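Chains as they are written, first to last, in the numbering used here: chain A, 1 to 242; chain B, 1 to 270.
Certain hints may be false.
Unchecked claim - Computed spacing ranges between beta-carbons, pair by pair: (1) MET82/B to ASP174/A: 16 to 26 Å; (2) GLY229/B to LYS87/A: 33 to 43 Å; (3) ASP12/A to MET82/B: 41 to 51 Å; (4) ASP122/B to GLU23/A: 38 to 48 Å; (5) ASP67/B to GLY145/A: 44 to 54 Å; (6) GLU21/B to GLU23/A: 45 to 55 Å; (7) ASP174/A to GLY229/B: 34 to 44 Å; (8) VAL79/A to MET82/B: 19 to 29 Å; (9) GLU21/B to LYS87/A: 37 to 47 Å; (10) LEU178/B to VAL9/A: 22 to 32 Å.
Hint data in this document are derived by calculation from the structure and do not stem from the laboratory.
These figures come from a predicted structure and were not determined experimentally.
Just so it is clear, CB atoms sit at the ideal spot from N, CA and C, and this is done for glycine as well.
Listed here are the chains, written in short residue letters.
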Amino acid sequence: MTNKKSDFVRPDGRKLDELRPIEAKVGVVPNADGSAMYKSGDTVAIAAVYGPKKMHPQHNQDPSKGQLRCDYNMLSFSVTERIRPGKNRRAMEISEITKWALEPVLLLDKYPNQVVDVFINIIQADAGTRTAGINAAAMALAHAGIPMRGMVSSVAVGKLDKTLVVDLTKEEEDYHEGEGPTDIPISMTDDGKITHMQLDGKIGVTQLQEAVDLAKGACAKIYEIQKKALKDAIDLENGGKK
Amino acid sequence: MDKIMTTPEPTAERIKEYFKEGKRFDERGGLLDFRKIIIEKNVSKKAEGSVRVKIGNTEVLVGVKLDVSAPYPDSLNKGNLMVTAEMLPLSSPRFESGPPGFDAIELGRVTDRGIRESGFIDLEKLCIKEGEKVWTVFIDIYSINDDGNLMDASTIGAIAALKMAKIPKYDEEKGKVLFGELSDENVPLTNHLPIAISVHKIGNSLIVDPTREEEELSECRVTLTNYGGIISSLQKSNSRALEIHEMKRIFEISEEVSKKILKEIESRLK
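All chains, please: the whole structure from these sequences, using the hints.
Here it is in structure tokens:
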């Protein structure tokens, strides 16, 4: 079944490959070395970067290169049922996959024994919080002036019953008709390499391959938005950050 | 993550050279071959179901326990599933005592998702009274000897332990589980038998079922769990970017290999 023939109607009326309305902005946390907000529909993530700075505890220092440390957290009131504040296993896993998603584009060789800390907080959640967090974090790293060989953009492709769609909402994530929902968060570099991918649900190999191609197109659109937000923050006439 | 031990450089070079020729260090047929799988049932009579799984020298123990508890608010008519994994210090010089590290958390969570999303356990049948009482299925995984690929061994252990598990007797009047007294009733399962296959990228080679030495060279691991050709979960681990065509090839490899492993496991579970 190819997507073109599908007459599937999404709950919010979006086209199958249409992202939610996106807002992106850098410089949202003045104290940080770099920071960003990424909003996709009703999902809002902010990220702040501190560093490079000396790694503590000292036994975690790596004399050969600098390290990235990511910390993903949902605010207790970001979802309908309050989340107990603090680290749970889900947040620990997402922190780690966020690090894996971003590390391939960072050039930290010149920062031995140092660490770059990225803190991500989800303020409001309507699915796709890890992908929004990765998008915000990538922008915050660039905003902090960390040397990068490219950008990372992230999106969740979904399969609702038999149809592939882009950027699931919570309502779509809870879709229960036919084959139900499949959630496939994917992160890519701007030159189309996959740095992160996960999946929950039910999907065949061929359609999963199509999903990857669909993510590529969506990530390219997100990349343009991230790039624009970063450019908007630079004072082109007088130099430096606005 | 800190690595306490790593594969020595000469061994690493030799392994990679072998891979280029499509050969394994341990004289297995090829890059997409598993080591021998052994499943031994009933390692603890006190468990509702328990098994020992060996893949080559890798060994895990997996036990299933059940208890009655309240359902989760988003699934009032379904039983609960909890999967945890521990990488025991006794099983490797690389593992240390203390709270579970990230690797153990990921091992438990990836195994959990593969089993949950496949629908292998019929959780609706584990509802005792909607909104009030349901069975919780605990699957606990312990490493006994880590010689690589704990990930795939864990799912094999989990399905084998589930297959043999019996539900304990339950005193409805007192609302008490009679632990130690098992009924004849099996844990309700479907035919969606999930198989997890982790594909590793090492140099330019894609391989499955790494030994410890091989796994330490892994640049990227992608674990796919599937039942009958339907992929129910995927996790890409480690900071190594993959080309799109590599990822697509990994989907195909996992499907191909899982068919072989499924056949092998099914014959062992009879």
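Hint check, failures only: Hints 3, 7 and 10 not satisfied by this model.
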